[in-house]
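Count the sequence shown with the UniProt record's numbering and you get residues 1 to 184, in order.
Hints are computed from structural coordinates only; laboratory data are not their basis.
None of these values were measured; they are calculated from a predicted model.
For each residue, glycine too, the CB sits at the ideal point set by N, CA and C.
One or more of the hints may lead you astray.
[To be verified] Cβ pair distances, simulated, as ranges:
(1) E59 <-> E131: 19 to 25 Å
(2) P95 <-> T67: 27 to 33 Å
(3) D140 <-> D110: 31 to 37 Å
(4) F116 <-> D90: 19 to 25 Å
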Amino acid sequence: MSLAHLRPARRTTARSAALATLPALLLALTACSGSDDGDDADDKDSSSDDDAPAGLSFEAIEELTPTDRWADSNPDCPMAQWDENPTGVDEELLPKVTFFRQLDCYVDQDQIDVGFPELIQVGIYVEFADEESAAQYVEDEAYFSDAVVDGSKVVTFATSFDTDIADEAAELCDCDVREGESTD
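Generate coordinates for the entire structure from the input sequences, incorporating the hints supplied.
Quick look at the structure:
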């Protein structure tokens, strides 16, 4: 009696057995590597990212400057509001602006309604298309302002207005504050 007809069945069975054990083998190798889902490297990266400063963003700056931040400390600024008017950027740099907001101060809601601030441009947040434009803006136009630069993003605050706010903004990106000249 010949057993030749059983050989292909054994190979098929052996191949099937090998394929059936492959997932278990891969699972065992993964378990030995100390990773239960293959994302431990990502978890380590994200935990170090959690410690890193988020960087400048308008949303973060806006959180630092709630409407009533200066209500008790500055009688000219009981209500602060960010506006879109890009008059705080010279015409030469204006084409390089991708986002702009200026912080104005109002005494009351009536001033806000008519758009006539008590103090204008006490803060400026601007994003440029490139870092060179941001640096040029700070050099040429932020002379009397404390400035924080994070790549192509800039936030400035008038030196006569609030001395702490620029430091708080700098903490967002672990950046330095370029101190402006005093107007006093």
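Results for each hint:
1. E59 <-> E131: 19 to 25 Å: Holds - the Cβ-Cβ distance for E59 and E131, about 21 Å, lies within 19 to 25 Å.
2. P95 <-> T67: 27 to 33 Å: With Cβ atoms ~31 Å apart, the hint holds.
3. D140 <-> D110: 31 to 37 Å: At 35 Å between Cβs, range holds.
4. F116 <-> D90: 19 to 25 Å: holds (23 Å)
Violated hints for the displayed structure: none, as all numbered hints are satisfied.
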